[in-house]
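Asks: From first to last, the protein sequence lines stand for chains A and B.
Quick note: the first sequence, position 81, residue 81 per the UniProt record's numbering, numbers continuous.
Quick note: the second sequence, position 60, residue 60 per the UniProt record's numbering, numbers continuous.
One thing to keep in mind: the hints can contain errors.
You can't tell identical chains apart in this list, so a pair holds if it fits in one copy or across any two.
Here are the simulated DMTMM-like cross-link-like pairs (lysine to aspartate or glutamate), alpha carbons at most 25 Å apart as the crow flies [as the list claims (entries may be wrong)]:
| # | residue 1 | residue 2 |
| --- | --- | --- |
| 1 | Lys39 | Glu2 |
| 2 | Lys122 | Asp56 |
| 3 | Lys11 | Asp32 |
| 4 | Lys8 | Glu114 |
| 5 | Lys122 | Asp74 |
| 6 | Lys39 | Glu24 |
| 7 | Lys8 | Asp20 |
No lab work stands behind these hints, which were simulated from the structure alone.
The structure presented is a predicted model; accordingly, all values stated were derived computationally and were not measured.
There are 2 protein chains.
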Amino acid sequence: MERIPILKMGKFLIVSIQVDMHDELALALQEDLAEQIVKTRAKGVLIDISSLNLVDSFTARILGNMTAMARLLDAETLVVGMRPAVAMTLVELGVSLRGIRTAGNAEKGMALLEAIVAQQAKSNAPKST
Amino acid sequence: MERIPILKMGKFLIVSIQVDMHDELALALQEDLAEQIVKTRAKGVLIDISSLNLVDSFTARILGNMTAMARLLDAETLVVGMRPAVAMTLVELGVSLRGIRTAGNAEKGMALLEAIVAQQAKSNAPKST
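Chain A with its partners taken away, still in its complex shape (with noise of 0.2 Å):
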């Protein structure tokens, strides 16, 4: 597989990891969800990772990376489906996912992400006159 599909849900893009991480992989995958954010004006990303038997370092940094560059693009990141043996072994490798939103399941993060999004839109609202 040369791409993981973006799916696009209303106001938010989906991405489903199913497979253990390389640096080509990463990379298209950071270059095709900033192109996906900014085309279908994107507020939010769900990444779910519940396929995932192993968190790295290097995923964590991927992970870390595409929050911050979604954020730079006005869009919200949440992390769902983190296995049990990942949370342990990410804490036991001391790797942190430092900024990363994290949700038990797609359903509770697509509603985190509606309320994240809400509120922020309710805080840039302009002054009504």
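Following the hints, put chain B in place on chain A, whose structure we already have.
Replies: Just chain B now, with coordinates in the frame of chain A:
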């Protein structure tokens, strides 16, 4: 990867198939999907195949089986993101996707699923007393 993840989004389930199907994986996916449809009472299933370069007769049969199974469990299935080359190959191979609904992308698919489910709810609604 031993499992293809199934994401719940509102009334619907989303399955993103990113790897070529083999017997074991296909069987696991069918089991998981049936279980999730019942557990979540999902009314529709969206299957994204935009990552697939090839849909052979085996994969086509699996898609057909999943559609039929979901229908028995009272859920509609929609296949989205088929690549042009895949459609051409299916026709050349003489593989039919009978009974399988398709849509161009995930967003259109979701809208179509919403419409189908709303239509069904209407026609199934008990007469008002």
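Asks: Can you give me the call for Lys8 and Glu114, within, between, both or neither, at a CA distance of at most 25 Å?
Replies: both (15 Å within a copy, 15 Å between copies)
Asks: What label fits Lys39 with Glu24 when the C-alpha limit is 25 Å: within, between, both, or neither?
Replies: within (22 Å within a copy, 38 Å between copies)
Asks: Is it within, between, both, or neither for Lys122 and Asp74, if the alpha carbons may be no more than 25 Å apart?
Replies: Intra 15 Å, inter 39 Å, cutoff 25 Å: intra-copy only.
Asks: If the cutoff is 25 Å on CA atoms, where do Lys8 and Asp20 land: within, between, both or neither? Let me know, please.
Replies: Classified as both; 22 Å inside a copy, 23 Å across copies.
Asks: Are the CA atoms of Lys11 and Asp32 at most 25 Å apart within a copy, between copies, both, or neither?
Replies: This pair counts as within: shortest intra-copy Cα distance 17 Å, inter-copy 28 Å.
Asks: Within a copy, between copies, both or neither: where do Lys122 and Asp56 come within 25 Å Cα-Cα?
Replies: Classified as neither: same-chain Cα gap 37 Å, cross-chain 49 Å, threshold 25 Å.
Asks: For Lys39 vs Glu2, is the C-alpha pair at or below 25 Å within one copy, between two copies, both, or neither?
Replies: within (21 Å within a copy, 33 Å between copies)
In summary, the structure is inconsistent with hint 2 from the numbered list given earlier, while agreeing with all the others.
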